[in-house]
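**Student:** Dock the two chains into a complex; use the hints.
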Amino acid sequence: MYELSGVRKVFADGSVALDGISLTVGRGEHVAFIGPSGAGKTTLFRILNLTLRPTAGRLVFEGQDASGLSDAALRRARTRIGTIYQQQNLVGRLRVVHNVLAGNLGRWSTLEAAASLVRPRSAGQAATALERVGIPEKLYARTDELSGGQQQRVAIARVLVQDPDVLLADEPVSSVDPSLAVTIVSLLRDLSHESQKTLLMNLHSVELALHYFPRVVGIRDGRVRFDLAPEKVSGELLAELYAGDRDEEQALERFQDGKNPFGGACRPLPGFGA
Amino acid sequence: MARLPAARPSRAWALWVGAGFAALLLWSWQGTGVDLASLFGREGLRQIAVYVRKLFPPDLSAAALSAAGAGAVETFAISLIGSLLAVAIALPMSLLATRTLLYRGILFEGRRLHPGARAVRLGFYAAGKAALNVLRTIPEIVWALIFVFVVGLGPFPGVLALGVHTGGVLGKLFGEVLEDVDPAPLEALQATGASRVRILIYGVLPQALPQFVSYALYRWEVNIRAAAVLGFVGAGGLGQRIYVAISLFHEQELMTLILAIYAIVTLVDALSAYLRSRLV
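Residue numbers (the numbering used here), protein chains in the order written: chain A, 1465 to 1738; chain B, 177 to 456.
Looking at chain B on its own, in the form it has when it is part of the complex (with noise of 0.2 angstroms):
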């Protein structure tokens, strides 16, 4: 088969593509306001030092700490309950948001699809690709105030919007991964006469399952973060008492409950990259 010569890459383009984004980057902090004066200027420095002086020290009184433990505790529930009601729902979705086990690819050249079939097996795929980018399009704050307001506050809305949100995340994750399994055993499994469900079961999965396990722990630490900001809508944990502790002046206790964040975000890092390291 003839092969072109590789192209070489051009100089001029590289220039365009670099003034292009120092364009893009003028612009980006004109739009945004970025006032460097008004953040180091000496009234902002004071500002800065005033407040940090308030936080100091910590308030470890009894109730303090319990509520911050409470809070903690409330928090890490809600992302682990979250990033599993998200692997729930991403797994079912992601089979449909996966090409080669709909309609094309090595699975499909020993038979030719009836085009009707096609058609519907395609609009699967379509209409599984469009509900994830939803779920996944809509931020986790914006899940949380809808939840918020169907279920009520606490910290049961957070689980859903985490979930949720999540859940198309690692649905597009989880349906690349499947995308991407090396085709050769499916091809050997095909050939011994196994149907695609069994091809999915003995060859995909074995093949995928660790990279959504590592998907899933990464998500994890990204939705511990996640659940801290979500209480700042009502949606329970630590947020919740962040917001209320802003709003009330109670710097000292702020910074105990900033700790606490600081403390269980590190704890789930640190779980998570042990797990992630154990799977090879």
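Next comes chain A alone, as it looks inside the complex (with noise of 0.2 angstroms):
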């Protein structure tokens, strides 16, 4: 699906955000990235969804090498990726049946885009995956009128209509309460397992990585620190991955010490993880 070799990213102020990511992942995986906060995961996530492009470094995509790929193409492969943000970047001012209905936007014409606006294109689509993400009831609901966990669904279902082959997801349960976390994150990885699709996710969460996902990758200062088995993650790994930041050290030692705070709801899918 991808491969990644040597991908840098600095921007116009000089700072690396990545300094030379090296990355395979194939169909149907899912994988788990973690790593303290600045250590480049949202960089390298805009990068596989094709918005942000590399200084360095080759990224191949399905077999294509995206520095190669004209606009239309750039845009045609961006249809496969779906994305879903750590802020819910849905169009507040819309109703939620347009954000969801954007996931169309690859497909439609811009005349279709424009009289969705007016009189929704397909409805019908857009309930299905309201309900499917379980709110089913706020299809006409102006979307800024929603709550945090609740325009989260939003954005999943806007992903949901996109149908892309790779789902990323970047950190998106890091402005949700626990609890809902669990939820959200089992949600993607059932979706994503159940169409095969590949499921990238950057997560704020040892725990969650750990419990859920077959692979974990560790980002440090841009680079590929580990990459492994949820049970051959160490926690001198995790130390070291992140030694300097408090909080995180705070709530590794938390974690450590098996105060889950997920709890029993945090149950790895048969198959997967540990």
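These are calculated hints, taken from the structure and not from any lab test.
Any given hint could turn out to be false.
Claimed, not checked - Non-contacting residues of chain B with respect to chain A, defined by C-beta distances greater than 12 angstroms in every case (computed):
1) Leu202
2) Arg218
3) Thr276
4) Ile282
5) Leu362
6) Gly369
7) Phe408
Unchecked claim - Only some residues are given here: those of chain B computed to face chain A with a beta carbon under 7 angstroms:
8) Ala367
9) Tyr378
10) Ala446
What the hints assert, rightly or not - A few chain B positions that, by computed beta-carbon distances, are all more than 12 angstroms from chain A:
11) Lys230
12) Pro291
13) Ala360
14) Val405
Every value quoted in this text rests on a predicted model; they were computed, and no experiment measured them.
For each residue, glycine too, the CB sits at the ideal point set by N, CA and C.
**Tutor:** See below:
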């Protein structure tokens, strides 16, 4: 699905976000990315969804070198990659139905897109997607009147409508409470499992990553520190990954003391993880 | 990332700014020949009293009232059509005056614009900005004089003058609104594979429209007052009648017309304020 070799990203202000990432992700794989804030995980995801261009290195998506794609080919490739952001990145003034149907923007013509804002082109499709994420009653609500968790579900419904081959979720649960976090992570995992989508997720929470994903990649200072099955991710590796990040170190201590804040709700899917 | 500690504003700097402002004020006072004595001296006050006395009572004859009514309707129409024309000019031009739609910002990080293409786009931006500046910096009254010369006397040159000048004002404001929309939803739309036009329609405009409407309504309030003045150079409405009344020393009729302006400006202000309060 993805082949990255030596991907670097240096921003205009000179800060190095990614410093030589090499990584291969196969079709249908589920991978969690963990690491301290500022490690470059979000930048990596923006490069993976082809909205940001690497400064150096090669990014191959489905056998195509991304740097060689024309604008149109780039947009076609993007339609196959669905992104869920940390902030919900919805257009707050639009009704939920429009935000969900925005998943069609890569397919619709400009005229169809404009017409749909007047009269939703396929409200039924949006209703089905909202049903799958558990908020069918919000179809015609104004998006900015929804709670954070509900907006995150709208964002997931948008990705369902887009129906991509890859799902990128950039810290999808960092702004919701722990019980909802478990619901959303397992929802995303189950959805991508049943339709055999590749799922890549940035996670703030080591617990969720280790419990839900068969492969965990640790990123620090723009580099891959480890790339292992969760049972091989040792306490020392985690301590090293988060060294110097106080909040993270404390969360890690609690986790290693056995006080899993997610409790019994956090169990791996059969055939995945420990 | 290392950040410098916030700089403390220095007191000397504030003093210099204050002194500079005081000097500017003094110079302007001198330059404009402000002479309070001639305004509030005995002779000045007497002149005011004489003139005010002549204004009363307002001329409420049927002819004067119907003239004031017709003028008010005409002024209202000039301001309304002029403002709509301004929006029609501003909308397309503001797209040209928006950097984030043309050549930089979040929508361009995924592709490297060819240097030639970038130069062309920069050129469009500069031309759009320059055109809006020309429209905006020429005052309505000058535009009105030009259009009176082109299309003749009456309300039509007034409409054109308001439309063109306000089009420049709104184009600049609309462009700023477009550049200020929240980029996060745009990035998400781009990630679904949407083209830039579709992102504009689906992500940028929905965010910008309420402010567009609010600015347009506000400019309508400004335009109703401007429309009353444009008549002085022959561009129709109450202004034209006021100019005639002043020239012919018809002070009581002038008072009727002033009341008509007061009524119509208040009406439009209230209407616009109500409509803007409904937009949230």
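**Student:** So, for every hint listed, does it hold in this structure?
**Tutor:** Cross-check of the supplied hints:
| no. | hint | result |
| --- | --- | --- |
| 1 | Leu202 | 45 angstroms, holds |
| 2 | Arg218 | 61 angstroms, holds |
| 3 | Thr276 | 15 angstroms, holds |
| 4 | Ile282 | 8 angstroms, violated |
| 5 | Leu362 | 9 angstroms, violated |
| 6 | Gly369 | 3 angstroms, violated |
| 7 | Phe408 | 42 angstroms, holds |
| 8 | Ala367 | 4 angstroms, holds |
| 9 | Tyr378 | 6 angstroms, holds |
| 10 | Ala446 | 26 angstroms, violated |
| 11 | Lys230 | 55 angstroms, holds |
| 12 | Pro291 | 16 angstroms, holds |
| 13 | Ala360 | 4 angstroms, violated |
| 14 | Val405 | 37 angstroms, holds |
In the structure shown, a violation is registered for the earlier hints numbered 4, 5, 6, 10 and 13, in ascending order.
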